[in-house]
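Starting from the given sequences, assemble the full structure and let the hints guide the process.
The lines below spell out each chain.
Number of protein chains: 2
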Amino acid sequence: MNTKWVYGFDEIEEAERYVGGDWDGVRGLLGGKGANLGEMTRIGVPVPPGFTVTTEACNAYLEAGEEFSGDMWEQVLQALKAIEAKSGKTFGSIENPLLVSCRSGAKFSMPGMMDTVLNIGLNGQVIDAIIERSGDPHFVYDSFRRLIQMFGSVVLGIRDEPFEEVLANYREQRGVSTDTDLTVEDLKEIVLKFKDLVRRYANIDFPADPYEQLRMATEAVFKSWNGKRARDYRNAAHIAHDLGTGVNVQTMVFGNMGDDSATGVAMSRNATTGEDTLEGDFLINAQGEDVVAGNRPTEPISTLKSAMPAIYDEFETIAGKLENHYREMQDMEFTIEHGKLWLLQTRDGKRTAQAAVRIAVEMTDTGLISKEEALTRVSPDQVDFFLHPQFSGESKRGAELLAKGLNVSPGAAVGVLAFTADLAERWAKDEGRAVIMVRPETKPDDVHGMLAAEGILTSSGGRTSHAALVARQFGKPAVVGASELEVDVAARTMTIDDQEVHEGDWVSIDGTTGEVFLGQLETLVPNIQDPYLMRLLEWADEFRTLGVWANADYPADAERARAYGAEGIGLCRTEHMFFEQERLPIVQRMITTKSTGEQREAVDALLPFQRADFAGLFRVMDGLPVIIRLIDPPLHEFLPGYEELTHDLADLKIRLSHATDLKEVDELLTQVTDESTMLDRVEALREANPMLGTRGVRLGILMPALTRMQVRAIFEAACEVTREGIDVHPEVMIPLTSHVNELKRQREVLEAEAQAVMEEQGLDIAYKFGTMIEIPRAALTADEMAEYAEFLSFGTNDLTQTTFGISRDDAESGFLIDYLSEEILPSNPFATIDTGGVGMLMQMAVEKSRSKRPDIEVGICGEHGGDPDSIAFCNTLGLNYVSCSPFRVPVARLAAAQAAIAQAPAD
Amino acid sequence: MNTKWVYGFDEIEEAERYVGGDWDGVRGLLGGKGANLGEMTRIGVPVPPGFTVTTEACNAYLEAGEEFSGDMWEQVLQALKAIEAKSGKTFGSIENPLLVSCRSGAKFSMPGMMDTVLNIGLNGQVIDAIIERSGDPHFVYDSFRRLIQMFGSVVLGIRDEPFEEVLANYREQRGVSTDTDLTVEDLKEIVLKFKDLVRRYANIDFPADPYEQLRMATEAVFKSWNGKRARDYRNAAHIAHDLGTGVNVQTMVFGNMGDDSATGVAMSRNATTGEDTLEGDFLINAQGEDVVAGNRPTEPISTLKSAMPAIYDEFETIAGKLENHYREMQDMEFTIEHGKLWLLQTRDGKRTAQAAVRIAVEMTDTGLISKEEALTRVSPDQVDFFLHPQFSGESKRGAELLAKGLNVSPGAAVGVLAFTADLAERWAKDEGRAVIMVRPETKPDDVHGMLAAEGILTSSGGRTSHAALVARQFGKPAVVGASELEVDVAARTMTIDDQEVHEGDWVSIDGTTGEVFLGQLETLVPNIQDPYLMRLLEWADEFRTLGVWANADYPADAERARAYGAEGIGLCRTEHMFFEQERLPIVQRMITTKSTGEQREAVDALLPFQRADFAGLFRVMDGLPVIIRLIDPPLHEFLPGYEELTHDLADLKIRLSHATDLKEVDELLTQVTDESTMLDRVEALREANPMLGTRGVRLGILMPALTRMQVRAIFEAACEVTREGIDVHPEVMIPLTSHVNELKRQREVLEAEAQAVMEEQGLDIAYKFGTMIEIPRAALTADEMAEYAEFLSFGTNDLTQTTFGISRDDAESGFLIDYLSEEILPSNPFATIDTGGVGMLMQMAVEKSRSKRPDIEVGICGEHGGDPDSIAFCNTLGLNYVSCSPFRVPVARLAAAQAAIAQAPAD
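Top line first, the protein sequences correspond to chains L and P. First residue of the first sequence: 5, per this note's numbering; consecutive thereafter. First residue of the second sequence: 5, per this note's numbering; consecutive thereafter.
No lab work stands behind these hints: they were computed from the structure. Take these hints with a grain of salt, some might be off.
Said to hold, decoys possible - Taking lysine-lysine pairs in the DSS-like style, the calculated list, with each CA pair at most 27 angstroms apart, reads:
1. P:K667 - L:K657
2. P:K657 - L:K657
3. L:K325 - L:K354
Unchecked claim - So the derived label-pair ranges between C-beta atoms look like this:
4. L:E755 - P:A212: 31 to 41 angstroms
5. L:L588 - P:L528: 50 to 60 angstroms
6. P:G645 - L:Q503: 34 to 44 angstroms
7. P:G523 - L:D684: 28 to 38 angstroms
8. L:H242 - P:D655: 51 to 61 angstroms
9. P:A609 - L:Q907: 49 to 59 angstroms
10. P:L588 - L:L588: 42 to 52 angstroms
11. P:Q675 - L:L588: 36 to 46 angstroms
12. P:G645 - L:N230: 52 to 62 angstroms
13. L:Q503 - P:Q675: 46 to 56 angstroms
14. P:K598 - L:Q503: 18 to 28 angstroms
15. P:A609 - L:Q503: 34 to 44 angstroms
16. L:E398 - P:T677: 46 to 56 angstroms
Claimed, not checked - Stretch by stretch, here's where chain L covers chain P in the computed footprint (C-beta under 8 angstroms, at least three residues):
17. 22-32
18. 652-658
19. 702-716
20. 806-815
The beta-carbon is built from N, C-alpha and C at its ideal position, and this holds for glycine as well.
Following this line, the structure appears as structure tokens:
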């Protein structure tokens, strides 16, 4: 059978049959652009006639050593004849000459492929004929010089600079600023000069034969498939090299043929708000380039209604038809030539997050798309947008960018710089100032300042540094690890190169992009209560099978989480309660005393605080499960830093050596003694690798009194709220387990204490006991763990650290950056679960634990719980829920629904 | 069928039939002691007649609520009748009374079980009869008071103190020092007083009825099975609680019946040297207790030959018979009563390491046992004994124990204390003094002192601390983590409680036990060239399937390893070469410079050093593989410590603030500047968790010039020695890989550089490329790794750290101690591979990598490679080799043979 290498736009059905009726196959055969032009033609949208040379022709051409295969060229000529018949014009004729454009068009749009050549078919004789018909020599000569220039650069590979230089010289000579203001004579001379350039740089005469022009353009498209830029792009984007590109040859139409001509672009709906009205711009008597270039003010599409009412109606009808056909909002290019409307292109339109949501919901309401489709058309990032203030697009224009760091907690924040937590709090609370708190890095005792600030900025630390975790937890915009910034807390300055920013200066940070700007940028506050979003998330809840819980330590967090749709608390970190100002001294006493009695007293003193905290959480989460994790961090985190202490001590000693006043000496001596004692204790608790040290369950085993106190607080609180009529579901979670015996031991302590409290209170509280899975050994032995654990929760931050042997804080500001930029790792495993390693352990843990206890509740409470890709993976594993920060709950609801839809078995 | 509860010693065959012919079953039924007495009886060894009440009777008694089951007691009485018939004596008779002993005897010997009651059958009437017959009232009354005392304490649970008090009072009154010197009258009174004590403490009369005595003793044995001490012991030793204990009732014989009576103990071979001659002690006219008590000087067994030649011959024959029967050296107790020899007990004899080896080899030579048996009879620890000086048993007697620490590197060392590496080296090298180097902990720049010292002592650090690793590597005895010691380097004192030990004082440390003594203790040096050991290890090589390689960084280590039988180098740590004094400044320059050129120069300057090191290793290992690991530790390890620097800097600043002399100020300022610069660099390289930081392959990827230099050094060295006629097999190993892309990248660098060197040199070197598996992710993705790796080597130290999430240095002096003492972990996972977690990863790695590359070479080079239990596990996994420190090579050879024998499929 003779291969069909060329399809007219009106032969789309034949192409469809050839590939077996599959739209993806049609795009593969004709390229995306060719398929779309054919599709528009099929549904009766007016498209300038044309045809597509197939990708198969391209592949055959390249395989044959750059020779057209078989009768390909004859098929092209035949297709050209068909266009001539349709348009009544003749290619190369001096009577009524046909001009065409030639464009590449692969299955996927791809930079590096050959661009457009317009006006093919012009030569010295043809232009005379056209000038005669149009009476517009300026337009015609300009069209010709464009053809030579485009042909020269695009087909013959001549750099654009010599052409532009010629034009610049003429503009200078004439004292004009645009090419439009050059005279016809100028353009005539330019055409000659351009032909010279072609001769000089490409060693050939510019081909006067229109067929030769078309043939060379076609070959150039084919060859560009194997160009270096295209190959590199395909390698990077993982696109196969054997797809080939199509070539689209199409009749030229002109919007600049007088006042009955026009050109424009339009969206089928409002791309900013999503409202269902045409939106766009056009110009009477102009070319497409003019609309984009902005040298003439454009008109809104609505005015076309009065200028050309019939055309407007036709366009509106076509827009509706295209939207219905593609079942998506369309972004269209059109040209009106002598009162005749032509569509040149249509594609899915880009839109804001708000518009995406509204369009998806409204299209579902009108029955155009299904709920499933609506859910997959909004990206989780677009939901996230609703949760944080944003800089308007305009506000960044001209703003002074100081630095870029890691975008760890999204949203925009504007405020004055404060270098300490205390100052941040004072300014914010007492003076009502908006504050950006800046630190080299943050520590637990900075939290009060972070809470008071609008946003957080650090010069070191990674995606899961303390600053990042706290910021995400509280929905504070944050940029961390902005290493270009030199933050000098003592001097109260932040230096970037030579520029100094001082305490009190205004800065704006964009946690969505990681940018840091000088000054006050304008912000917009989207609305999470957006009714369209609310409906979309309700649909998400219908489809998703994964539960969405939240990580929350305080009742206020829990309230927000519930408002955003959380179905439980997956992680309450009890130690956060220990850091609060009135409690920290008690905690420090507990740690530093050598007397068991005093330690016991300190532990007991913490009980009422913890009980009240838990009672508050339980009240908010009435009817829903609350997972409380027992104390996790190493004890030294509650004490002053070693370096701070040694520096202070050194300073004190210097002062002491200079002191002359006896009273001063006495005071200094006391201070030295106190600090030395503290230093001793801090030293004793120091660890070479605290991440792998005495923390988590190890603390609980070394200090069973602490476990008992926490369990007592949980159960006393549970009894208290039960009496108030609250439905309480506590789940007690042991962190950092690596061996089943740890769990067994802690369970014994828990059961004894829980039983004791319940007997004292005369109440029976249903509860669950479980553990984090955040150490490889815990995952590997999850079947053993399941003997004692009624639930498991993946702590994927730590699990990633230990599975990779990577300290996240060190790595994310260190070698991990190189690893990602050099593509040694495909993605940051602390942002998205490493399915090949960490994920394998998770899968083993799920399978092993369920083999022992089929109804075991398995969830995830690491940072990954809010990451859409990771959520999809959790859905594959069949977890019961993901738990993330309250601000990620809506995102997770959508991502979970998308995962469920994507992974649903085909009907 | 009527249950048989009681077996006469002469009914062993019936017992054997009952349990199905299985010796283990016989021991289960009769207990170890009963089975042995029956066995001796069967083979014709003269054993005083007796019988065993079965363990089943014990279980039935306990289940029935402490009631004898069925006709058990009737069977006992019948068995007693049988003894009476054999001995011609009658139990409880006043004519010719039979006395018996009653002993417990479970399957496994077990502390906490009821001890022996002797002389059962005595009462007021019976003793009169015996006195009449023997004419020795002193002996008889003494026997009687012993019965009452033993019965009181053992059967009735009365504390021994009141009995001893009575005896003490009499001795005092009589002014004598031993009970033997009390008069018959005294003993008569004591018997009465003892009976009073029984009445007072147990509220019963001492039973005069011999049958009642026997019944109560039997019940006491049964009950003791469930006593707290026995239960605790069984829990700890993992012995089942349902085994029960047997009761052995046996005719009393007396070695103190005159000069034709005697008693003694003897070994069938010399327990110290292993020589094949009887060894033992005896006493004429004495009781067993007297031999042990040492209040009369014993005679060597050889003198029995002249004293009682016929008996000696008989005994010698019996000893040979027993050895042949049990196929093991025997430890025997015997009594001669009126010229008649009786064997009371036989069991396998304890022996020294040397004796164990010689006996095993000689028994094989005479055909008594097979080579396999010989190999399993010597423990790997016994081989280790040959490799290190030891304290003689006597030397520790009376020595002053200062402290106990971790026994991390075996052997004895004696020397004077030195608190710094420099001093240790100076004293050892310049003054020829034996030195024990003591530090709070050691660092890489202490190594020259450690090498010069006889032994190493630290107050902190764990089983895999720097001190422990280096010590084991070089076979230096070491005790680390002796936390009772307060080591004050500045004051040059080591304090324990109130005792101060100063620099230069003599101390002795035992790395085999972890003990630290004051003063100079005597040491013995065993001989590794022991001909018996050599033969045993040759046999080991015949049986083992695992290769035994060694970890060695220097040619001297490699030589030792080869001498000890290593078949390759499994790990050469190239960074150890970087720490040497002349090289360290170059390394520091490489790290601290900001100029790429200067860095390149420093790297190049290291090349000749490394090349020479590798060439040396290759020469020693002619014909065998050498695995060279590229640089592993984080760079800051090569720089001065952060704290040291900050302290120095603080001191300098204080001195500066006091300085008045201008020149001094200038000098101090320069120093401050230099140290500040170094501090900046050290600070930049600091990591929160260096174990999980920028080290291993991560360094190689960040500094490819370093990788290239190391590869060049390896291949230039390989070419150099090839020209000398050496057969070289280099294998290049990448450390700390977690993702296959790291390996892929490093392999590219390696191949390019190796190719370049081989082309320059015009030689082709066969080599292998591979990686450590020391990160969980590497194990999980070993199939991917196997695409690029031709060998894998488990770094189980790090793999254990990351799999457990435990920092070994912190943990081994911290919570791990509690975890082990509280049995949360069954054993230290850094000493023996945790098969349940780490081992699971290893197994996955082996299976996955072999699925991709069936001939991949897989070994282990972590500390576990020298641990017998871990070696057995590696054998199960089917590894190709284990690699350990040279000093563990002989141990590993034996352990590997034992593993192969134990795991060999049954015929």
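Verification of the hints:
At roughly 25 angstroms between alpha-carbon atoms, P:K667 and L:K657 fall within 27 angstroms of each other, so this suggested pair holds. Among the hinted pairs, P:K657 with L:K657 is consistent with the structure: their alpha-carbon atoms are about 11 angstroms apart, no more than 27 angstroms. A C-alpha spacing of about 19 angstroms is found between L:K325 and L:K354, which places the hinted pair at or below 27 angstroms, so the restraint holds. Take L:E755 and P:A212: their Cβ atoms lie about 54 angstroms apart, and the range 31 to 41 angstroms is violated.
L:L588 and P:L528 have their C-beta atoms about 59 angstroms apart, which keeps the hinted 50 to 60 angstroms range intact. Separated by about 36 angstroms at the C-beta atoms, P:G645 and L:Q503 satisfy the suggested range of 34 to 44 angstroms. Checked against the hint of 28 to 38 angstroms, the pair P:G523 and L:D684 passes, with Cβ atoms roughly 32 angstroms apart. For the hinted restraint 51 to 61 angstroms between L:H242 and P:D655, the CB-CB distance of approximately 59 angstroms keeps it satisfied.
Evaluation of the 49 to 59 angstroms hint for P:A609 and L:Q907 yields a pass: the beta carbon distance comes to about 58 angstroms. Restraint check, P:L588 to L:L588: a C-beta distance of roughly 44 angstroms satisfies the suggested window 42 to 52 angstroms. Hint check: P:Q675 to L:L588, Cβ distance near 40 angstroms, so the stated range 36 to 46 angstroms holds. Against the hinted window of 52 to 62 angstroms, the Cβ-Cβ separation of P:G645 and L:N230 comes to about 58 angstroms, which satisfies the hint.
A C-beta distance of roughly 33 angstroms is found between L:Q503 and P:Q675, which places it outside the suggested range of 46 to 56 angstroms. About 23 angstroms separates the C-beta atoms of P:K598 and L:Q503, a value consistent with the hinted range of 18 to 28 angstroms. Checking the proposed 34 to 44 angstroms range against P:A609 and L:Q503 shows it holds: the Cβ atoms sit about 40 angstroms from each other. Hint check: L:E398 to P:T677, Cβ distance near 50 angstroms, so the stated range 46 to 56 angstroms holds.
Judged by the Cβ-Cβ criterion of 8 angstroms, the segment 22-32 of chain P is not covered by chain L as claimed, because only 0 of its residues qualify and three are needed. Counting residues of the segment 652-658 of chain P whose beta carbon lies closer than 8 angstroms to any beta carbon of chain L gives 3, which meets the minimum of three for the stated coverage. Judged by the Cβ-Cβ criterion of 8 angstroms, the segment 702-716 of chain P is covered by chain L as claimed, because 3 of its residues qualify and three suffice. Counting residues of the segment 806-815 of chain P whose CB lies closer than 8 angstroms to any CB of chain L gives 9, so the stated coverage by that chain holds, three being the minimum.
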